[in-house]
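K.L.:
Quick note, the sequences are listed as chains S and W, same order.
Per the numbering used here, the very first residue in the first sequence carries number 7; after that it's consecutive.
Per the numbering used here, the very first residue in the second sequence carries number 4; after that it's consecutive.
These aren't lab readings, by the way, just hints derived from the structure by calculation.
Computed from a prediction, not measured in an experiment: that's the story for all the values here.
The beta-carbon is built from N, C-alpha and C at its ideal position, and this holds for glycine as well.
Misleading hints may appear alongside valid ones.
Unchecked claim - Chain S regions said to be covered by chain W (calculated; three or more residues, Cβ under 8 Å): (1) 46–60; (2) 74–85; (3) 119–131; (4) 167–180; (5) 240–249; (6) 283–295; (7) 310–318.
Claimed, not checked - Derived lysine-lysine pairs resembling DSSO-like cross-links, with alpha carbons at most 30 Å apart: (8) W:LYS249 with S:LYS299; (9) W:LYS383 with S:LYS277; (10) W:LYS383 with S:LYS299; (11) W:LYS355 with W:LYS323; (12) S:LYS61 with W:LYS139; (13) S:LYS311 with W:LYS355.
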Amino acid sequence: MNALYSLVLVFALVLIALFGAGAAHMTGLFGTLLPYVAIAVFLVGFASRIIGWAKSPVPFSIPTTGGQQKSLDFIKHDRFDNPVTPGQTFIRMVLEICCFRSLFRNTSVALKDGRVTYSSAKWLWGFSLLFHYSFLLIVIRHMRLFFEPVPVCIGFVEMIDGIMQIGVPRLYMSDLLILVGLGFLLGRRLRDPKLRYISLVTDYFPLLLIIGIALSGIYMRYFAHVDIIALKKLTMGLVTLSPVIPEGVSVVFFVHLFLVCTLLVYFPFSKLMHAGGVFLSPTRNMPNDTRIKHHENPWNDPSIKPHSYADYEDDFREPMIEAGLPVEKES
Amino acid sequence: MADLPKANELFKSINYTPPSTGWMDTPVDTSPGNWCYPAKAEKLEYLGFPNPREWNPADVDWKLPENWQDIVHEGFKERLGKYRSLKVFMDICVRCGACADKCHFFIGSGDPKNMPVLRAELMRSVYRKDFTMAGKILSTLTGSRVMTEDVLKEWFIYFYQCTECRRCSLFCPYGIDTAEVTMMARELLHLCGVNINWILEPVSNCNRTGNHLGIQPHAFKDIVDFMVDDIEEITGKRINVPINEKGHEVIFITPSGDVFADPGIYTFMGYLMLFDHIGLDYTLSTYASEGGNFGLFTSADMMKKLNAKMYAEAERLGVKWILGGECGHMWRVINQYMDTMNGPANFLEVPKSPITGTVFENARQTKMVHITEFTADLMKHNKLKLDPSRNDHIITTFHDSCNPARAMGLMDEPRYVIKNVVKNFHEMPEQTIREQTFCCAGGSGLNTDEIMEIRMRGGLPRGNALKTVQDENGVNMLSCICAIDRATLLPLANYWAPGVDVCGVHELVGNALILDGEKERETDLRMNPLPGKEG
């Protein structure tokens with residue numbers, strides 16, 4: 007049901023763009039104003055979320071460790087799963103963010119012949135990597151629309167992405183792979199009863215929205231063959247703050263752009279903020295060094311004291327003396 | 004206990020298919036057996052916790068304070084401002100489900116609300132409603148809901164079906180730690196007087212008498228004397244155990260379970276024999292006679308208050324550093340909280356083994372060393388006279404306690420110690436040990452009999468791994484470095500892998516140690532005949 011709501015929502019967005027930019031000819035709104043608003047909301051929203059998190063202190067150092075601590079010389083220390091220095095912690099974070107290391111550990115549980123069995127389950131890891139890296143490549147490729155001349159590195163990414171040299175225009179692998187990745191993530195949510203049970207509208211919506219963006223982009227490039235020169239005029243106009251809506255921009259493009267704008271606006275208010283939050287997760291971004299170095303808690307309350315020894319002895323002095331235990335005051 | 008199903012029946016009853024109703028529409032079951040007994044009013048009064056009263060979770064009316072919703076809301080707000088962890092964990096979960104089948108309570112029950120993601124959603128749904136714009140406007144679409152009495156009851160049931168073992172956190176791509184979420188939820192429940200006696204009574208005892216069990220100082224001394232007698236009977240050697248004495252080099256603090264409960268007492272005897280063997284200049288304390296800190300399961304303030312005794316007593320007695328015994332959550336508190344809450348303890352010195360000269364650089368700040376670090380170092384330097392053959396009747400495996408394993412990474416030290424004193428050692432399957440270890444299902448204050456079925460369900464993954472090595476390798480002993488484990492693994496092993504016993508690592512050390520001037524031993528520390536001495 008939640009998946010259906012999300013699908014309807016994405017269709018509604020497509021219809022809005024089709025009608026607004028197509029039938030109603032509000033190209034100025036869809037081609038200029040909305041993109042500016044979306045980018046502003048994204049930037050301000052993203053920054054304010056990060057600042058909001060950063061404002062709360064980290065009172066205690068609570069890393070989750072994944073290997074042997076640093077202790078005696080003859081015991082091998084697991085540096086990157088149980089880091090003690092900032093450098094080791096940095097590498098742990100790089101592995102986490104670039105390689106999804108924790109997800110790599112994933113196993114799945116089954117009950118077989120009276121036993122609990124654990125099998126390796128790296129599918130989620132593999133397909134999430136596929137999705138995220140395809141997305142990254144696509145974003146980098148799109149940067150050619152915002153630069154004149156196009157930087158060499160962007161051209162290089164495009165070259166690699168299209169290295170298979172299939173078809174005209176040349177097929178970008180990332181276009182296919184992102185759909186494969188998204189398809190897996192969506193299929194997994196729909197197929198696995200446990201996941202279906204926990205999935206909210208806000209889980210399906212971004213997946214379907216990004217699928218919509220990818221499909222409209224693919225349609226534009228491989229089927230509708232839109233006027234890329236006109237598009238570049240539009241995007242360069244946006245970048246140089248002198249927006250124009252050139253002739254010949256297809257309505258498919260406005261649909262694509264509107265969905266992207268929706269994604270940008272939606273991003274800071276949603277779970278998509280995991281992109282920023284992963285950097286701030288105290289269980290991963292801290293070294294396991296609290297026995298080595300002092301960690302400060304800004305709100306540590308100095309007035310909290312233990313039940314004092316003096317009170318304790320007052321309670322038990324007589325029996326303590328009787329038992330021959332040393333006391334501070336004889337009576 | 005009486006209506007506990009047989010192990011194979013319980014196993015067959017597990018079903019991972021979620022119910023047909025959505026989780027928000029599935030009512031919480033508050034029938035007896037699903038909860039631990041509530042805290043006694045007198046314990047709350049003594050500790051100054053809010054809303055002390057007699058109440059019963061099976062009743063409809065939980066006698067909450069009039070303005071309990073405001074109390075929860077304000078408490079929530081305060082904690083979002085104080086803990087970045089809570090704020091980030093409320094916001095960034097993508098519900099990928101990687102944690103779903105990592106929780107021992109889920110594996111053993113199939114109850115979807117035991118999936119860590121959903122356990123946290125019980126709290127996130129309220130967070131969204133109260134603290135996010137989208138949640139305020141688009142209620143159900145964003146998975147948000149109003150905090151009602153039913154929601155509070157659901158929190159009570161499920162946040163006391165989480166042992167804060169953090170296994171899910173290990174697998175989470177963002178490191179979301181359900182233990183943090185559970186701790187916060189429990190703090191909020193405490194604000195309304197919704198808490199359990201099996202946590203509050205130990206907290207209250209610990210505050211007054213120094214330990215969970217309420218052992219008073221003279222009784223503590225009696226118990227130690229009994230153990231000294233037993234050691235004399237077994238080894239023929241009378242050893243001296245200083246208590247509350249000033250002017251020693253080291254104070255030794257261990258969980259009180261080791262002093263009081265079988266089989267912890269054998270581990271305690273092992274410590275005492277070790278200290279005698281190496282001539283360690285140490286003292287015990289009755290005031291700080293508890294390493295375990297049930298404050299951790301209550302509130303940050305209570306944890307600090309109880310933990311503070313360790314440093315206070317170390318200072319009063321004038322020792323140089325602290326040696327800590329085998330305990331799970333005690334070491335989580337020491338590793339992650341102690342110095343921050345109650346340090347820096349500059350009146351102490353960086354721990355240095357008086358026997359080997361090793362400086363424990365990894366304890367430079369807290370000044371507190373784990374006994375297996377200390378013993379492993381002694382063994383590496385050949386300072387112990389050992390006869391591992393005295394453990395030949397023992398075929399052991401090792402249970403990594405969740406807290407040291409995932410908060411510290413204390414894994415190879417105990418294994419090193421075990422391998423020096425036992426010939427027959429076998430690891431359980433790799434998905435169930437080291438950082439992936441499974442909880443005993445009685446941690447975080449849930450070691451109580453009224454929820455025995457829940458505990459046995461949660462204990463399935465551990466019990467099952469144990470059964471595997473029992474069947475394949477003939478394992479008859481499960482060693483561990485946690486006093487709660489020593490209490491909870493006993494019924495667990497009895498249920499899932501009958502025939503396996505439980506011991507601490509230093510019990511095995513005690514068996515193997517050759518004390519100077521001892522007689523030829525006929526029995527192990529449990530007074531069972533040694534191999535070859537049965538006749």
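K.L.:
Mind listing which of the numbered hints don't hold for this structure, in increasing order?
P.N.:
4, 5, 9
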